[in-house]
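*Asks:* Quick note, the sequences are listed as chains F and Y, same order. When we follow this note's numbering, the leftmost residue of the first sequence carries the number 2, and every step to the right adds one. When we follow this note's numbering, the leftmost residue of the second sequence carries the number 2, and every step to the right adds one.
Take the hints with a grain of salt, since some may be wrong.
[Unchecked claim] For lysine-lysine, the following DSSO-like pairs were computed, each having C-alpha atoms within a straight-line distance of at most 30 Å:
#1 F/147 <-> F/72
#2 Y/71 <-> F/117
#3 F/3 <-> Y/37
#4 Y/355 <-> Y/322
#5 Y/20 <-> F/224
#6 Y/71 <-> Y/320
#7 F/224 <-> Y/332
#8 Y/298 <-> F/72
#9 F/71 <-> Y/123
#10 F/71 <-> Y/121
#11 F/20 <-> Y/3
#12 F/253 <-> F/276
#13 F/355 <-> F/3
#14 F/224 <-> F/253
#15 Y/96 <-> F/5
Derived by calculation from the structure, the hints in this document are not laboratory data.
Each chain, written out:
There are 2 protein chains.
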Amino acid sequence: MKIKFNIPHITGNEQKYLKNVLNRKTFSGEGYYSRKCQDYLENIYKNSKCLLTNSCTDALEFCSILLDLKKGDEVILPAFTFVSTANPIILRGAKPVFADVDYHSMNLSIDDVKKKITKKTKAIFTVNYGGSSCNLFELSNLCKAKKIYLVEDSAQGIGAKYKNKYLGTYGDLATISFHETKNIHCGEGGCLIINQSKFIKRANLIHEKGTNRKDFKDGMVNKYGWRDVGSSYVVSELQSAFLYAQLFDIRKVTNYRKDLWNEYNQNINNNLFDKQDIKKNDTNGHLYFLLCKGDRKKFINYMSKHNVQVSAHYESLNKSKFFSSIYKYKKCENSEIAENKLVRLPIWFGMTEKQITHIVNLINNYG
Amino acid sequence: MKIKFNIPHITGNEQKYLKNVLNRKTFSGEGYYSRKCQDYLENIYKNSKCLLTNSCTDALEFCSILLDLKKGDEVILPAFTFVSTANPIILRGAKPVFADVDYHSMNLSIDDVKKKITKKTKAIFTVNYGGSSCNLFELSNLCKAKKIYLVEDSAQGIGAKYKNKYLGTYGDLATISFHETKNIHCGEGGCLIINQSKFIKRANLIHEKGTNRKDFKDGMVNKYGWRDVGSSYVVSELQSAFLYAQLFDIRKVTNYRKDLWNEYNQNINNNLFDKQDIKKNDTNGHLYFLLCKGDRKKFINYMSKHNVQVSAHYESLNKSKFFSSIYKYKKCENSEIAENKLVRLPIWFGMTEKQITHIVNLINNYG
């Protein structure tokens, strides 16, 4: 029996909620289930405003518009991330400045960030890699001191905490993904988390295509009109209903995955690999990785031969074909190591003790 | 019994397909049902490439990126349209130049377009209002002669034709909406139609967040990377499966609505209103409007008192608060009339002969 790298979570309640949508006969964005999801999320992320989006990519574009990024601005982000952290910066005409990551977490290196800050730095887009983070207290204080906006790309971070405070609540803004590869999901989906009240009014416009439709729906004005730029970030009732079913499982899935994560971390013992140096309570168990000291391809083939699907991750964006076509290459050492040496192990809700033990044994016997 | 302005179409097969998605256990974009929808649409829009998006807004942003709109470029569009025709132009830094519409169709006035073309005009975003169009042969020839790109915002135009050729196939690019207010829908959704093969390669990158993931999935490369800017336009399996059920009803719904449209057009007879001057075969029956010579509010209240929900439509964007804050006001006479005088009548699949007759009688007895 093959052990897959990921199996999307299903709670068993999705069909019931989808059926409700069909019975209610309303399907478009900012409907009954969207509002229920947003309320549910705001009950987790207290003191934050949550707006559903169609992807974490959308939520990051939303941030870039909200922060008014433009030509001449620089935004610092890790080189080891998905392209969706970088594209929203480029789409606004601003310049992405890649910083390196720390070897043992693959999270943004605050030391390197400090070297990259200039007078043009308008924001830092940190990435909470795999549902863990860099020292967000330190990064947040640095941003405050330098008057730089902090955005957490917390695509993988639903339900995760750093030192007992939720990821997504450290930045001025944060984004979450509900893509099927995430702990909980709706196939494609995302959320913008707003932690500064000054952004809320404009965010409500941008969310609704730049119109004050929300005021209209809330009975504040008797017709709505064009007030700002915007996009269509609102999420259909089908997506929202599916997500709503999943939201109830956040704690259950997080705890389950954290235990799996811990099993790997406690029991893998092979000096051909470097392991993560993260505390169990500082991750939501979204991802467990190893760094191969030897040939990664050989290891991936070995696992595959034993019916275990493991997976590499991002290219280091500073070296990517697209970025190189616009800007000069600057080395990001650990990020480039991660591109070539990092391998992710299977981790999903429902994996058994037996499967984990099997994988651990395979790894410990490798080489 | 109240007659609603719109009731979203349900085919009866949506639940079956949604259940299939749950059984198949894959939910993210460009999956089984997305591809089936795209194939189905390409079977209608022969010689075109169709890519699903999360909204027509998304599809228009997609066009703006694909056409490389930027600062210094001008794009001509009707002033009487939804904000989503204009925002994608502004988001790229280009200038929207509003042209007026023709009184009897509220479609783009080609005469006014001719006056607005300058050396900076890079594209025309025409809007196929209510599922009908201006003379797209003439507009398309004008664009070819002037080397200007033509984009059809055909949000309301699924299944519609102009002189026996599908709307969406005249422009270099076109977009369609599957919002719940449209003839067929998936709550929130859209599609980009590409009629020039030179755009396809780059469109596949932009569609997948600027990566060559499509080549990877097609087995053309063994890993994928960052190749261009892009966004997350791909559509979840839930949305796609729902849409797939609906696609089979395009012809049925179009014919039904065209008949309703024709009933209104043949039988309404009250000189307090001006009627549309469009041929039945040049609309998909998405929308039927009247122009009130007198007080529109009074008419809307009259219909409401008789339990019929009628509805105004767009503000004239040249006069909008947002546009006025950036650019100088220039008059668009008919568009401004439409803002204040146009009223849309109920029209949806399943409306009865009796309901139509009732509405027609109310209107003919008005005043």
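*Asks:* Run every hint past the structure and note whether it holds.
*Replies:* Evaluated hints:
1. With a C-alpha separation of about 20 Å, the suggested pairing of residue 147 of chain F with residue 72 of chain F holds against the 30 Å cut-off.
2. Of the supplied pair hints, the one linking residue 71 of chain Y and residue 117 of chain F holds, its CA atoms being roughly 28 Å apart against a limit of 30 Å.
3. Between the alpha carbons of residue 3 of chain F and residue 37 of chain Y the distance comes to roughly 28 Å, so the proposed pair stays at or under 30 Å and holds.
4. A distance of roughly 42 Å separates the Cα atoms of residue 355 of chain Y and residue 322 of chain Y; the hinted pair therefore is violated under the 30 Å criterion.
5. Pair hint residue 20 of chain Y plus residue 224 of chain F does not hold up; C-alpha atoms about 39 Å apart against a cutoff of 30 Å.
6. For the proposed pair residue 71 of chain Y and residue 320 of chain Y, the alpha carbon gap of about 24 Å is at most 30 Å, so the pair holds.
7. A hinted pair counts as satisfied when its Cα atoms are at most 30 Å apart, and residue 224 of chain F with residue 332 of chain Y qualifies at roughly 21 Å.
8. This hinted pair does not check out: residue 298 of chain Y and residue 72 of chain F have alpha carbons roughly 46 Å apart, beyond 30 Å.
9. The hinted pair formed by residue 71 of chain F and residue 123 of chain Y meets the criterion: a straight-line CA distance of about 22 Å does not exceed 30 Å.
10. Distance restraint check for residue 71 of chain F and residue 121 of chain Y: the Cα-Cα separation of roughly 22 Å lies within the 30 Å cut-off, and the hinted pair is therefore satisfied.
11. Our distance criterion of 30 Å between C-alpha atoms is met by residue 20 of chain F and residue 3 of chain Y, whose separation comes to about 25 Å.
12. Straight-line distance between C-alpha atoms of residue 253 of chain F and residue 276 of chain F comes to about 25 Å, which keeps the hinted pair within the 30 Å bound.
13. Between residue 355 of chain F and residue 3 of chain F the alpha-carbon distance is near 13 Å, which keeps this suggested pair within the 30 Å criterion.
14. Our distance criterion of 30 Å between C-alpha atoms is broken by residue 224 of chain F and residue 253 of chain F, whose separation comes to about 44 Å.
15. A C-alpha spacing of about 50 Å is found between residue 96 of chain Y and residue 5 of chain F, which places the hinted pair above 30 Å, so the restraint is violated.
Of the numbered hints listed earlier, those contradicted by the structure are 4, 5, 8, 14, 15.
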